[in-house]
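There are 4 protein chains.
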Amino acid sequence: MCRWLAYSGSPVLLEDLLYKPQNSLVVQSLHSRLGAEETNGDGFGVGWYGDPDTPGVFHSIEPAWNDRNLRDLAGHITSGNVFSHIRASTGSPVQQTNCHPFRHGRWLFMHNGYLAGFRTVKRDLALAIDPSLFGEIEGSTDTEVLFHLALTFGLEDDPPAAVARAVGLIEETGRRHGIEFPVQMTVATTDGSTTWAFRYSSEGRSRSLFHSADVTTLQQQYPDNALLHQLAADAHLVVSEPLGDLRGAWREVSESTCVTVRDGAETLTAFVPVAPALV
Amino acid sequence: MCRWLAYSGSPVLLEDLLYKPQNSLVVQSLHSRLGAEETNGDGFGVGWYGDPDTPGVFHSIEPAWNDRNLRDLAGHITSGNVFSHIRASTGSPVQQTNCHPFRHGRWLFMHNGYLAGFRTVKRDLALAIDPSLFGEIEGSTDTEVLFHLALTFGLEDDPPAAVARAVGLIEETGRRHGIEFPVQMTVATTDGSTTWAFRYSSEGRSRSLFHSADVTTLQQQYPDNALLHQLAADAHLVVSEPLGDLRGAWREVSESTCVTVRDGAETLTAFVPVAPALV
Amino acid sequence: MCRWLAYSGSPVLLEDLLYKPQNSLVVQSLHSRLGAEETNGDGFGVGWYGDPDTPGVFHSIEPAWNDRNLRDLAGHITSGNVFSHIRASTGSPVQQTNCHPFRHGRWLFMHNGYLAGFRTVKRDLALAIDPSLFGEIEGSTDTEVLFHLALTFGLEDDPPAAVARAVGLIEETGRRHGIEFPVQMTVATTDGSTTWAFRYSSEGRSRSLFHSADVTTLQQQYPDNALLHQLAADAHLVVSEPLGDLRGAWREVSESTCVTVRDGAETLTAFVPVAPALV
Amino acid sequence: MCRWLAYSGSPVLLEDLLYKPQNSLVVQSLHSRLGAEETNGDGFGVGWYGDPDTPGVFHSIEPAWNDRNLRDLAGHITSGNVFSHIRASTGSPVQQTNCHPFRHGRWLFMHNGYLAGFRTVKRDLALAIDPSLFGEIEGSTDTEVLFHLALTFGLEDDPPAAVARAVGLIEETGRRHGIEFPVQMTVATTDGSTTWAFRYSSEGRSRSLFHSADVTTLQQQYPDNALLHQLAADAHLVVSEPLGDLRGAWREVSESTCVTVRDGAETLTAFVPVAPALV
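Protein chains in written order, with the numbering used here: chain A, 1 to 279; chain B, 280 to 558; chain C, 559 to 837; chain D, 838 to 1116.
Keep in mind that the hints were calculated from the coordinates and are not lab data.
Quick caveat: nothing in here was measured; it's all calculated off a predicted structure.
The reader is advised that the hints may include incorrect statements.
What the hints assert, rightly or not - Here are the simulated lysine to any residue pairs, SDA-like style, with alpha carbons at most 25 Å apart:
hint, chain 1, residue 1, chain 2, residue 2
1, B, 299, C, 610
2, C, 680, D, 963
3, C, 578, B, 383
4, D, 959, D, 915
5, D, 857, A, 120
6, D, 857, C, 680
7, A, 122, B, 299
8, C, 578, B, 385
9, C, 578, B, 333
10, B, 401, A, 128
11, D, 857, B, 370
12, B, 299, C, 662
13, D, 857, C, 739
14, A, 20, C, 651
15, C, 680, D, 989
16, B, 401, A, 131
17, A, 122, B, 409
18, B, 401, A, 136
19, C, 578, B, 348
20, C, 578, A, 136
21, D, 959, C, 610
22, C, 680, D, 970
23, B, 401, A, 38
24, B, 401, A, 137
25, A, 122, B, 414
26, A, 122, B, 348
As the list claims (entries may be wrong) - Stretches of chain B that chain A covers, calculated by requiring three or more beta carbons in the stretch to come under 8 Å of a beta carbon on chain A:
hint, segment
27, 366–375
28, 482–495
For glycine and all other residues, C-beta sits at the position ideal for the given N, C-alpha and C.
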């Protein structure tokens, strides 16, 4: 459906993340290797953290591969925390308010996958969103609803718990409407300091997700790789698909897993949805 | 906020409606005379009826004044029932799904004005929309919610009654939230045969609305006016502001009035919102 | 690089041409089978002839596959002469003035391929354009230059001769600049009555081009094919690649050939560039 | 026609330049006070210098007033040398390649005004452009031609002399074609260190141009003005119209003048076109 990339570490030029790798996100916009769709041309987005409290977001409804603004901005913006997403719409309109990452205060959120039967469950899910958050919704994607459910359930305090409750609610709601596998997702969210990434699907056959191996080890392994040696030791990437063919550089994230990247270190924990009844 | 035009009568070239008049809608996009805003450059839309069951709709997020596609389409499309709208956003995003006219089956709907405090009342209003219609909403305007409330209350059977109930509900909901004047609107809707236009505001100071005088009389009055003589005797226009300075050509629609145009004849009736309690 | 379709015959709904076929042009925008590029997402265009003297043109910089305006217009516009083109840019900007078909008066022109080393030869070619036509150029594609060279050499009087001279000039100019194979093209042009399509490349390895077999024969061959039986006996299509898998429906146009469709009949003639010295 | 702003001085947040002033450039996009057109809604552009050798450029075909990307980028980009431009097209298409500022290597260039009868003189002017620069032209504005003429005549070595020769050539060419007043311009160009701004028209009635008074003096004069006290002592602005009503803050640039801002100091010199014969 889509492809995304989450970077955290020492500040890098966006160009180095989005254009330089062999199988960069911009390359994936035209020719994704592992995506459900090969082409991800229904808009894109970049979110990055700088000096201000709130992250910057740039959204476009044009394909990433030929976007000149993206190329220029990527050549001039440096950040230590970057989210980027290319979209293959599954039906909802191609408009900036449907482009990821979504933002709420200091938080960014992006998603690859879908909520099955979204049109059917949309109203029930919308009602479960905190009334004070309801007015914030501007687009028409399932992702924006998922994000606001997670916010409703405390994303800003405990992201894994909030996402678990949001997914639990969506699964219960979906099943009540006869949907066998309500959730298909790889999701990333960040407050600018810590990044959480989730791989999960009701069916147990989730979209691909990878995280980068330890950079220091890689640098020793590949002493001549210039790109690697540009990366700081604290660099971490979570991506829909590997950005290149370097052996050992990418590890698949297991099903039903949450990856947490904080202070240059990664933690993997099991991700289990929490049904509403159990809350 | 916006400006619009509703035409019904013998088929005309869209160009004659949208470009030829001295104060045409395209002119108004850059320099409206009577609008709350002089510039209406936040996108536009055209809806027209042809052979298919459903009307065609063309939406654009660019200003109308320099849009080459609009000029070309207007030069090639002929229709006997045309809605056109230019937008001045009051805050909601400039995207095609926020452009008027909105469509549901054979129906078109467009609006100039606003629902006051929309962010505050949006959730309550959304909940009042028929669940089977809820999933259809794709944009984020107050107008799309107003349209779906009217559909919920039977727009397809009795438009004046349905709009009266929708407005009544919005007023009651708004007042419950402390909003003094919840509705400001001139609205037009059509099923392709009959057109209904409404001028109303809770405050009793509604946006401007005019309808065209009888074309036959005008033709006698102005024997040399080529544009007039192109129009068929059955032509009726309802517009946010006069398309020119011809004396006698335009009559203001009174406050709290519904104009119905059917089979080449116009009827004016009082428009009174119906509060939910009274239904 | 691109894909295109030229239809002439009894009036058809654009939707039947652009959406209904199994391998329609809209399908090709996402997944071309025979194109140099699989994705043709850098804008598109449609040109069609109706009542006015000049054909209508609709250009968009967004991919065709999710464009809602295209779908609506295609569902409402009927024409007996239609050009449509989906673009995969080879470097020039994605902007409406670079979208095909190009128009000059009653004429349309579209192209798949490229002029090799265009940046190098652009100035020399631009100087060869008739000064009275020079000011008309609005975009930055090689195709617009090729079109204006053909106009310079009499496209409106004798299209095959004019295109032969334009190609001859481009080849001579290119070779002077050390370009081995200056022209790669399948081109179509029409005045609304006759359509001329060319398949040619300096290298002798041109982009794919097909024309439709005789519709009457096909209808007899496939008595149950509804789509075929909708087409009038005079329908002719020239396309970058077959619109479906029907055996016998599509014949490849040979290298260095001009297909002329006039009054429901097709003529194939050899296409040979004419070098400037020989004029 | 258009409005622009050129800033040089200590690094500032773009937001402070483009949004904060009472009559900011974004305000002017909707309601210019002194422009030939009140509305400047046909796209905009921002160019800024950061760490890379080449300035960044962001162009959009949408009006500036509601552009969310511009707002976000302005809130995150800081630069000591900023060009920004809002466009009111005088006929050429609304496309990114027609948006100012234009860029060549380290150089930016922007323009308010027009070359009279551009369609007539375009070919002669294009031929005068250095052949090695000709292939760079991507849009269809008079400004891009003016810029490339200035580059041809040595803009990178001596901007005032190069602009004088470009203007001289355009005037001579125009007059040969019977154009009385060929040039109307306020122009700014920069290499990222020095900024040159020109006010000139063949007619001697040029579009408005202002430069900022000495900031230190202003700060003493207005001890309570927060915005002023944010500006560094070395801040210089050249603008199409004052950004506010502060008395003494803005001085009109005289007719036929070049303003040079270098190392925090301003020089005013006479600007006199140089006719080609005299070179």
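Okay, the hints, checked on the actual structure:
no. : hint          : result
1   : B:299 - C:610 : 16 Å, holds
2   : C:680 - D:963 : 12 Å, holds
3   : C:578 - B:383 : 23 Å, holds
4   : D:959 - D:915 : 38 Å, violated
5   : D:857 - A:120 : 45 Å, violated
6   : D:857 - C:680 : 44 Å, violated
7   : A:122 - B:299 : 44 Å, violated
8   : C:578 - B:385 : 22 Å, holds
9   : C:578 - B:333 : 18 Å, holds
10  : B:401 - A:128 : 15 Å, holds
11  : D:857 - B:370 : 19 Å, holds
12  : B:299 - C:662 : 23 Å, holds
13  : D:857 - C:739 : 56 Å, violated
14  : A:20 - C:651  : 21 Å, holds
15  : C:680 - D:989 : 17 Å, holds
16  : B:401 - A:131 : 10 Å, holds
17  : A:122 - B:409 : 13 Å, holds
18  : B:401 - A:136 : 10 Å, holds
19  : C:578 - B:348 : 24 Å, holds
20  : C:578 - A:136 : 39 Å, violated
21  : D:959 - C:610 : 30 Å, violated
22  : C:680 - D:970 : 11 Å, holds
23  : B:401 - A:38  : 38 Å, violated
24  : B:401 - A:137 : 10 Å, holds
25  : A:122 - B:414 : 6 Å, holds
26  : A:122 - B:348 : 35 Å, violated
27  : 366–375       : holds (count 4)
28  : 482–495       : violated (count 0)
When held up to the earlier numbered hints, the structure conflicts with 4, 5, 6, 7, 13, 20, 21, 23, 26 and 28 and fits the remainder.
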